[in-house]
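S.K.: What follows is the residue order along each chain.
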Amino acid sequence: MTDLHWLTATEAARAIAAKELSPIKLTTALLQRIDRLDPKLNAFIRLDRDAALDAARAAEAEIAAGRPRGPLHGVPVGIKDIIDVAGLPTTCHSKILIDNIAAADAVCVSRLRGAGAIVLGKLSTHEFAIGGPSFDLPWPPARNPWNPAHHPGGSSSGSGAGIAAGLFPLALGSDTGGSVRNPASACGIVGLKPTYGLVSRRGVFPLSFSLDHVGPLTRTVADNALMLSVIAGHDPLDPGSAAAPAGHYASGLERGVRGLRIGFIRHFHETDMPADPEVASALENVVRTLQGLGAEIRDVQLPTLTEFGAVNRVILQSEAWAIHGPWLRERPGDYGRLARRRLLAGAFLSAGDYIHASRRRLEMIAAVEDALQEVDVLVCASAMDPPSRIEDAAETERTYPRQARTPFNVTGHPALAMMAGLSAGGLPLSVQFVGRYFGEATLFQVALAWEREAATDQAHPSIGEN
Amino acid sequence: MTRNATSQKNNTCSSVALWAIPEGRKTFVKDDSWVLAQPRPVLLHEKSDRLMDKATIELLARRAGLDKALAEFSDDVAAAAEQASGAAARMKAPTDPRAEPWPPMRPGAGR
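For the protein sequence lines, the chains are A and B, in the order given. Residue 229 in numbering that gives the first Met the number 0 sits at position 230 of the first sequence; the count goes up by one each step and never skips. Residue 48 in numbering that gives the first Met the number 0 sits at position 49 of the second sequence; the count goes up by one each step and never skips.
Calculated from the structure, these hints are not laboratory results. Be aware that a few hints might be false.
What the hints assert, rightly or not - Residues of chain A placed beyond 10 Å of chain B at every Cβ, according to the derived structure:
no., residue
1, T7
2, D49
3, G86
4, I95
5, P147
6, A245
7, G255
8, R260
9, R312
10, A356
Said to hold, decoys possible - Label-pair restraints from in silico Cβ distances:
no., chain 1, residue 1, chain 2, residue 2, range
11, A, R254, B, K67, 55 to 61 Å
12, A, G113, B, K67, 42 to 48 Å
13, B, P96, A, R388, 56 to 62 Å
Here the structure is a predicted model, which means the values were calculated and not measured. Note that beta-carbon positions come from the ideal geometry of N, C-alpha and C, so glycine has one too.
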């Protein structure tokens, strides 16, 4: 059997259900790896060791008694620390909420537990899922397992770092301007921002009501589809929840791309924000490979990244100000500098700015919908650069906004980021696939075709191997 | 000076009004409404419209109740004001001035 820490969730769940693998053995192996590697990676804010082992023992007993709970029975998962886990603090990586104990599980956590998953603990994030890697918070920022001197992306930093390092096979993240897809890109894993409203946000600390999404981070496409199948579904108590039925995303993955029409948004990385040559070359390689597998490639034009970014920022900062205003007035010193600067911006935007952004948003939605009438899936850049050095604040500040993820928070279309290759410096490069509303199944289909060809699921950082 | 006053003052020397409808691009259609033919993307504000001087930043910050942040983190307040004005300036005017913003998000519900 593969090293336990590199088992996919799908493999682990199958082996556990077949009584070939003990959930206690798997959880213990991952806890030992966390003990060994997390001091270098800072993926965890709070490791809930005893509860995880109790849950593993319960899972083993239930399976032995012939009472399987669901498709993730006995599989460990990490939770971004803006998402409530009953009895644990939801700190949002901030002094502001350092004593905030969650009374109940968020809906997405409850669904994971219902499917049998074992919660390991709470994971690092950028403060309140905004800002960047900060050294002035109560906990240090997570680091990239491919090279701990580099940024793992964010804001779901601990989710990305922990998945890539083999600390757990599944993690929950949130994505308001790219925060699931950024760590997926920087850490060489698979991250999905589902269609707006597909996954309940109830119990997740909000950053921006109309841009927030909850999504899965995994090492493989099949695991991502499996996890989405568990967490997706209508929640009548989440005002943004969609009434669309959740799909069985893990079936039909292997249909391939022959005959699919794929729109390539070149201007994002060629003219809007010219990408690092290694990123551009990796994107061309992905597109050429999909074409070789039988997909039809067409060029697609959308509004510019600059304007998508501006609309995202005006909406995000306006909505975030409505949440953070009282704390920013009374306790500005309890925020780290990066989050404080970003969140204060909402005080300088007018109601008119917000309305204009919302109107432009509808036109942007129309532009993407028009494009998706002509093609089945879009492909484009995710990050324009390999991950920056984490302690080089100027480089992080320069590269952080150089990305093509925010357009799909603005429009709500599903978007998946994954590894496209490795840079000469050994850091992950990335690609992004975008689908029609509730078209996650087609996204997974394309992503799996690329994963199979490039063996991205077999690429692991060497951390912990020595 | 209030924000509106600043905006009005700057608009007098700007080539782009708040609703930047290019000249000669209005065409009438059957239902007596009007649309823009081949609308040219126009910035909602000229960048200079939105630059705030120190006094304006302080006034807006105080109006928002940010006296404490101003006293302790004045650089952060100034940086935030710059971010906000930059983002607002980079948005284009909607091509149809009557367009409504609702609902903000309703995936799959058609257009």
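S.K.: Are all beta-carbon distances from R312/A to chain B longer than 10 Å?
M.R.: Nearest chain B Cβ is 4 Å from R312/A, so the label is violated.
S.K.: Hey, does G255/A actually stay past 10 Å from chain B on C-beta?
M.R.: holds, 26 Å
S.K.: Over 10 Å from every CB of chain B: does P147/A meet that, or does the non-interface label fail?
M.R.: holds, 29 Å
S.K.: Would you say the C-beta atoms of G113/A and K67/B sit inside 42 to 48 Å of each other?
M.R.: holds, 44 Å
S.K.: Take a quick look at I95/A and tell me if its Cβ sits farther than 10 Å from every Cβ on chain B, holds or violated.
M.R.: holds, 14 Å
S.K.: Far enough from chain B: is every CB of that chain over 10 Å from the CB of G86/A?
M.R.: holds, 32 Å
S.K.: Confirm or reject: T7/A is not an interface residue toward chain B, with every Cβ-Cβ distance exceeding 10 Å.
M.R.: holds, 29 Å
S.K.: If I take the minimum Cβ distance from A245/A to any residue of chain B, is it greater than 10 Å?
M.R.: holds, 13 Å
S.K.: Can we trust that A356/A is non-interface, i.e. its beta-carbon lies farther than 10 Å from all of chain B?
M.R.: It is violated; A356/A is separated from chain B by about 6 Å at its closest Cβ, not greater than 10 Å.
S.K.: Quick one: are P96/B and R388/A within 56 to 62 Å, going by C-beta?
M.R.: violated, 46 Å
S.K.: If we take the beta carbon of R260/A, is the closest beta carbon in chain B still more than 10 Å away?
M.R.: With a cut-off of 10 Å, R260/A remains clear of chain B, as the shortest Cβ separation is near 20 Å.
S.K.: Can you let me know if the beta-carbon spacing of R254/A and K67/B is within 55 to 61 Å?
M.R.: About 58 Å separates the Cβ atoms of R254/A and K67/B, which means 55 to 61 Å holds.
In the structure shown, a violation is registered for the earlier hints numbered 9, 10, 13, in ascending order.
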